[in-house]
Structure formats: structure tokens, C-alpha cells
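2 protein chains.
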Amino acid sequence: MKLSKNRNPAVPGFQAVGVCCGIKAKNIKDLALFISDVPATAAGVFTKNRIVSPGVTWSRRALKSGSCRAIVVNSGNANTVVGPKGMKDCDEITKTIAEELSIPQKEVLIASTGVIGVSLPSEKIIKAAPLLVKKLGRTAKNWTDAAEAIMTTDLVSKSDRIQYTFQGKRITIGGVTKGSGMIHPNMATMLGFLYTDAAIDSKTLKMALIEAADRSFNRITVDGDNSTNDCVIVLANGEAKNPAIKPNTSGYREFVKALTTISKNLASKIILDGEGATKFVTVRVQGGKTRKQAYLIANSVATSSLVKTALFGEDPNWGRIFCAVGYAGASFDPDKVDILLNKNLLVKNGNPTNLSPQKLVKAMRQHEIDITIDLHGGKEWEEVLTCDFSYDYVKINAEYTT
Amino acid sequence: MKLSKNRNPAVPGFQAVGVCCGIKAKNIKDLALFISDVPATAAGVFTKNRIVSPGVTWSRRALKSGSCRAIVVNSGNANTVVGPKGMKDCDEITKTIAEELSIPQKEVLIASTGVIGVSLPSEKIIKAAPLLVKKLGRTAKNWTDAAEAIMTTDLVSKSDRIQYTFQGKRITIGGVTKGSGMIHPNMATMLGFLYTDAAIDSKTLKMALIEAADRSFNRITVDGDNSTNDCVIVLANGEAKNPAIKPNTSGYREFVKALTTISKNLASKIILDGEGATKFVTVRVQGGKTRKQAYLIANSVATSSLVKTALFGEDPNWGRIFCAVGYAGASFDPDKVDILLNKNLLVKNGNPTNLSPQKLVKAMRQHEIDITIDLHGGKEWEEVLTCDFSYDYVKINAEYTT
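Protein chains in written order, with numbering that gives the first Met the number 0: chain A, 0 to 401; chain B, 0 to 401.
Some hints here could point you the wrong way.
Stated by the list, open to error - Derived lysine-lysine pairs resembling DSS-like cross-links, with alpha carbons at most 27 Å apart:
1. K87/B <-> K123/B
2. K358/A <-> K23/B
3. K63/B <-> K291/A
4. K25/B <-> K47/B
5. K347/A <-> K87/B
6. K47/A <-> K335/B
7. K47/B <-> K288/A
8. K47/A <-> K288/B
Said to hold, decoys possible - Distance ranges between label pairs, derived from CB positions:
9. R290/A <-> G328/B: 14 to 22 Å
10. L344/B <-> N348/A: 38 to 46 Å
11. D36/B <-> R290/A: 53 to 61 Å
If you're looking for bench data, these hints aren't it; they were derived computationally from the structure.
Quick caveat: nothing in here was measured; it's all calculated off a predicted structure.
Positions of the beta carbon are idealized from the N, C-alpha and C atoms, including for glycine.
All chains, full assembly: derive it from the sequences and hints.
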């Protein structure tokens with residue numbers, strides 16, 4: 000799998016912009032704004048970390064109304080663990096942006112990513128607000144600028160778009176995201192912004208977002224760390240003029256499918272952009288009794304440092320995979336487990352197949368590694384995407400701040 | 000903290016031996032035997048991995064009687080994920096050792112450590128059994144040989160002894176252990192063998208072992224992986240002729256204290272022997288409401304790849320510590336948290352103290368790093384010992400099998 004080209008993520012009825020306001024040095028873009036032309040329904044999912052950025056608290060609260068139009072995002076500073084000034088900054092920034100846009104303050108969401116524990120230079124954002132709003136637009140360049148402005152040390156910007164037809168109306172979903180972990184994990188924050196012209200109420204939108212995230216953004220792991228600022232937000236402005244999407248309908252299933260597809264594409268781009276990452280790894284657990292059981296096992300394998308270093312070294316050490324299955328904290332019958340790596344059967348009914356190490360090494364030379372674990376205990380499955388663990392991971396992370 | 004010299008771990012009424020039987024190449028010791036002169040009470044704690052070595056199953060079963068005299072241990076092969084032959088090998092080996100010792104087979108425990116998924120050459124062990132028993136003895140060399148024979152790729156053997164007086168009788172506890180993780184983690188197995196001349200019934204002994212292990216062997220982490228073969232076994236033969244130690248007495252508390260002390264010394268030696276490890280790290284969480292809460296948080300910090308790479312690089316990136324506290328999955332009040340690194344206050348009441356990075360870097364240059372997290376929410380505490388995460392960790396683990 001190579002990094003797929005970013006599709007122009009523009010969606011009818013939405014504008015975007017990215018500028019440099021001076022938080023980052025050297026004229027690097029660090030401030031983005033996304034806005035719907037008309038009032039939109041909105042939903043978000045956020046980090047499970049108990050320590051959260053005031054921005055997360057702000058946006059969670061604003062989303063309770065189910066209606067929001069704008070998202071202001073800065074990179075270069077996470078505005079986290081900075082004392083009471085953090086929330087005051089959120090208030091001042093969203094207030095300024097709302098005034099410039101002539102919309103209510105409560106319709107402006109905020110997200111930040113960057114270094115923790117350093118006071119946010121909010122005055123730079125406030126000073127840049129008029130320019131930011133003035134430069135809003137619908138061109139491909141507008142969206143590229145915005146996608147770049149939310150990057151921290153991602154190597155490439157990440158965006159995508161998907162379209163499908165629902166009851167005669169074309170529905171578009173666009174999205175931009177930035178990477179997490181591996182590369183510069185103190186900026187481990189994963190931010191994802193999705194926006195669609197579908198007509199869908201906020202409650203149904205939230206359900207769909209949770210379903211999609213649980214098959215995409217919540218199923219990638221680089222180093223297991225969970226940032227203070229992670230969020231995925233979706234806005235839906237109804238400009239497609241489709242009959243409203245309702246829960247428990249085929250229309251809902253189609254929408255979830257499209258939202259999951261774009262989310263998984265964006266999440267894959269995060270894994271593929273891991274500096275130091277040399278492999279794109281999919282750990283699939285199938286034959287599970289429950290999704291939770293399948294997830295625990297897939298996550299255990301995908302986060303094992305031993306598995307990840309073996310993948311980097313192309314070391315045919317499959318015992319590490321089986322070992323990580325065992326300590327996942329999920330119950331299963333060890334005598335029923337099959338394990339495959341790129342279709343090579345390594346373990347059958349809990350016993351080694353004695354595949355030749357040469358054959359396994361050859362399979363491990365692929366850039367894409369698919370590890371499949373079949374529990375033969377049910378019909379549920381989960382997939383977790385990850386990358387390998389290289390020298391560069393240690394190098395980059397040992398020398399991040401200094 | 001430097002590797003402390005191994006004390007002669009001999010204990011009255013116990014013999015040991017270590018020989019090479021040919022599992023490992025080049026005349027490296029790979030077979031050990033520990034035995035009590037007289038019947039002993041016995042207890043063990045084992046890995047929580049769902050995939051276990053037949054040796055673990057064997058020893059768990061044998062320990063149900065509460066009485067065992069001998070432990071036979073091989074290194075170089077874990078006898079794990081090898082099909083039905085694994086249990087048959089356990090049966091044949093313990094049977095042979097029992098015959099040579101003229102004791103019942105059910106009094107012989109077994110442990111293995113080494114590569115997974117390769118059939119154990121049990122015939123080599125069986126052939127070596129007469130020599131093994133013949134060379135049993137009480138000298139310091141006997142114990143050194145035994146401690147060496149259980150090593151996999153540990154750099155040094157690990158043993159210790161502690162003595163104290165209880166109601167006029169001198170009680171001795173000895174122990175040998177081998178390392179886990181970091182170095183060659185497919186041999187990640189941690190084995191610990193403790194033996195004492197104390198008189199104590201098996202039920203009380205098991206209680207004491209669990210208490211001691213939960214403050215020592217169960218509180219070290221190198222890479223979070225939990226092997227298929229981990230075990231800690233204790234034998235008590237009563238040769239000290241003390242009045243039997245009973246639960247809920249001061250005598251019990253003293254015994255637990257001594258057992259915990261030697262266990263923690265041995266566990267520290269495992270951390271200190273991590274190839275590639277450049278730091279000895281103690282993560283202490285205090286002010287906890289429950290031990291579980293304190294443990295979850297301490298373990299989260301101690302297993303964070305981001306924290307561990309920052310410690311290796313002496314990077315004053317304390318935000319990573321706070322972030323790992325947050326995603327530990329334990330509830331606490333973020334506004335009450337204090338964080339100290341080698342007595343430097345980094346976070347006070349959830350806010351940064353703005354300690355100068357220079358001062359923090361200086362503190363991080365120490366070989367011993369103490370991270371203290373005070374939750375100010377109760378009186379419980381937990382400590383987890385770990386090491387940093389270096390280039391060598393990746394190097395060694397990427398190139399282990401090949």
C-alpha cells in the first residue's frame with residue numbers, strides 16, 4: 000500500500016482556509032478554519048484521556064446543542080496543562096472568530112495540537128482572525144491549505160472525499176486529518192474533521208460517527224498512547240437536499256458505510272505516514288464470540304513491541320504473535336486458534352504448522368502485512384491497523400523536545 | 000543503582016545443581032535442579048497468559064497438594080506451542096528425575112524457558128538426569144551453577160539471600176531468578192525460585208507469596224509482554240524449627256516483609272540487567288484511593304513507549320508522563336495531581352510548575368529515575384519498576400531469531 004493521492008475534499012456548502020499566524024516559526028501554516036455556509040448538525044468523538052485540553056472541554060460542551068457551523072484549529076501548541084488560561088483562550092478565540100463570521104459564539108468549535116504545558120499565544124490567533132475569515136474559500140487550494148495548517152510533523156497532508164447517491168440525490172462526504180503517534184508522539188494528537196452535505200439529524204449523525212470511528216480512527220495504533228487532544232468532528236449541512244437519513248433504515252446503513260470508508264482511508268493515511276514506519280500492518284481477529292473479545296486480541300497483537308520489532312526486522316518469530324494473543328485478557332479456546340501471516344498458515348488449532356522460516360521471511364518482506372487470527376468461536380471480527388517499530392521510532396522520540 | 004553482587008543464596012536443608020545437557024550449544028549450562036532434603040510445603044504464582052507451557056500446567060497441578068520437594072528447570076527451549084508432545088515430555092522428565100531422587104513423581108515441579116514452538120529435546124534432559132542428581136550439593140558453586148543454568152540471554156546470573164530471627168530461630172530465604180523482556184523477549188520468561196527453612200503451612204505460604212509477588216515480580220515491566228512460561232515458586236522445609244508461621248500474626252508480617260524484600264531485590268536485578276537499558280526507573284503512585292487505581296496509573300506510565308524513549312534521550316518532556324497518567328483508565332481528580340521526577344516538582348495541582356528544562360535535563364541524567372505521582376486522593380500506593388527504551392531494544396528484538 001502506497002500513500003494514495005489526496006482527493007480534493009471539497010463538499011458543497013462548505014469553505015475552508017489555512018494560514019500562518021506565527022505559532023510555528025518560518026511561515027509554516029498553523030491556523031485553519033472550516034465552516035458551513037448554513038447552520039449544520041454536528042457530532043464529535045473525543046479522547047478517553049482523563050487529562051484533556053480545554054479545547055476538548057469547550058467543543059464537547061458546544062456540541063451538546065447538536066448544531067455548529069465552524070471549527071477553528073491551531074497546530075504547534077496543544078493548549079493543554081496550562082492552567083486556567085487555557086479555557087480563557089478558548090473563549091476569546093471562539094468569540095473573535097464568531098464575531099468575524101457574524102454567527103453565535105456557541106456555533107464555533109475549537110481544536111488544538113502541538114506541545115503540551117506551554118501557554119498558547121492566543122493573541123496571535125486573535126490577530127489573524129480577520130485575515131483567516133477573509134481568505135475562506137471553496138477551491139482545492141483552500142482545502143489543501145487547511146489540511147496543511149493542522150499538521151504538526153506529519154510528512155504529508157491527509158484528505159479524502161467520497162460520494163454516493165441516495166434517493167436520487169448525490170451525497171458528498173469530505174475529510175481532512177492529521178497523524179498521531181510514531182512520528183512525534185507528544186504531538187500524538189489525532190484530529191479528524193469530516194463534513195457532508197447530507198441531511199441528517201444530529202442524534203443520528205452521532206450514532207453514525209461512533210459506528211464509523213469504531214471501525215477506523217479508533218482502530219489504529221502506533222504506540223498505544225492516547226492523547227489529551229484527540230477528536231473527530233463531523234458537520235452535516237443538508238445541502239444535498241436528500242430526504243433526512245433516519246436510524247434503522249437502509250439509508251442509514253449506506254451513510255454509515257460511506258462515512259466508515261472515508262474514515263478508514265483517512266486513518267490508513269495516518270499509519271502510512273509514520274516516520275520510521277516501514278510496514279503497514281493489519282491485524283484481523285475473526286471467529287470471535289463478541290466484538291470486544293476480538294478487539295482485545297487484535298489490539299494486544301497490534302500494540303506488542305515484540306511483534307512490532309519482529310515485523311521491522313522481518314524476523315520469522317511467530318511465537319510472539321501467539322503470545323500476545325494469549326495475554327490480551329480475553330477468554331478463548333487456545334486449541335482452536337489459527338494464525339495466518341499474508342495467507343501463510345503459522346498456527347492451526349493452536350499448534351504450529353512448521354512452515355519453513357524461509358517461507359515466512361519471504362512473506363514478511365512485503366510492505367503490507369496482514370495478520371489474521373481466527374478464534375473459531377463465533378462470527379464477530381475486529382481489525383486494528385498499525386505499523387512496525389523501527390530504530391527511527393526511538394531516535395525521533397528520544398530527541399523530540401531537545 | 001549498580002548491579003549488586005549476588006549473595007550466596009544457599010539455605011539450610013536445600014541443594015542445587017546446574018549442568019549442560021546439550022539443549023544450548025557450546026557447553027553452556029541449560030539444566031538446573033533444586034531440592035529440599037526433606038518434604039517441603041510449596042506454593043507458586045504463574046503467568047496470566049492464556050497460552051501456557053505444559054510445564055506451567057504440570058506445576059500448577061502438582062502444587063495443588065501444597066507439598067513438593069524438587070524443581071527441574073531447563074533453559075534454551077520453552078516447551079510451548081509444541082502440541083501434545085509438550086505434556087508427554089513433562090511427564091517423562093519429572094518421572095525420570097523422581098526415580099533418580101527416589102521421591103514420588105508428584106513432588107517434582109518443572110519449568111522451562113527459551114524459544115517457543117520448537118519441540119523440546121527431552122531425551123537430552125533424561126540422559127543427563129543421573130549426572131544432574133549426582134552433582135547436587137550445597138556449596139556456593141552449586142548455587143551459582145544452578146542460577147547460571149536457568150539463564151537464557153541474561154548477562155549475569157541473579158541470586159540473593161536474606162536472614163532474620165523469629166522467636167529465637169534464624170530463618171533464611173534464598174532465591175534465584177532469570178530475566179524477562181527487553182533483552183531477548185521471546186525468551187521473555189521470568190522464572191523465580193525461592194526456598195526457605197521456615198516452618199509454614201502451604202496455604203499461608205501461598206498467601207505470603209502472592210503478597211510478596213504483588214510488590215515485586217508483578218511490578219516490573221520491560222515491554223508489557225507477559226510470557227507463556229512465567230512462574231515464581233517457593234518451597235519451605237521447616238528446617239529452621241521455628242514455631243509455624245500463622246496468618247494474621249506479627250510473625251506472618253515479618254515473613255512477608257522478608258519475602259518481599261528478597262523478591263524485590265531479585266526483581267530489580269532483572270530490570271538492571273536489561274541489555275540496552277540505560278536507566279533504572281521507579282514509577283511510584285501515591286495518594287491513591289485504591290491500590291488498583293494506583294497500579295493502573297503507575298503501570299500506564301511505566302509501559303508508555305513515549306515516556307521510556309524520553310527517559311533514554313533525557314528529553315525533558317514531562318507532558319508525556321502526565322498524558323500517560325490520563326489514559327491509564329483509572330479515575331482521579333486531574334486538578335489534584337502532583338508529579339515529581341527525582342524530587343523536582345513538575346506538576347502541582349494539575350498545573351505545570353514551569354521548572355526550567357535545563358534543571359529537568361540535569362535530573363534526568365541520573366542513572367536512577369524516580370517518578371512520583373501523588374493523586375492526593377487517599378493512602379494507597381503502588382510502585383512499578385522499569386527501564387528506558389533504547390536503540391538496542393529495537394536492534395536486539397528485530398534480529399532475535401535470524
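Structure-inconsistent hints, enumerated in ascending order:
3, 4 and 10
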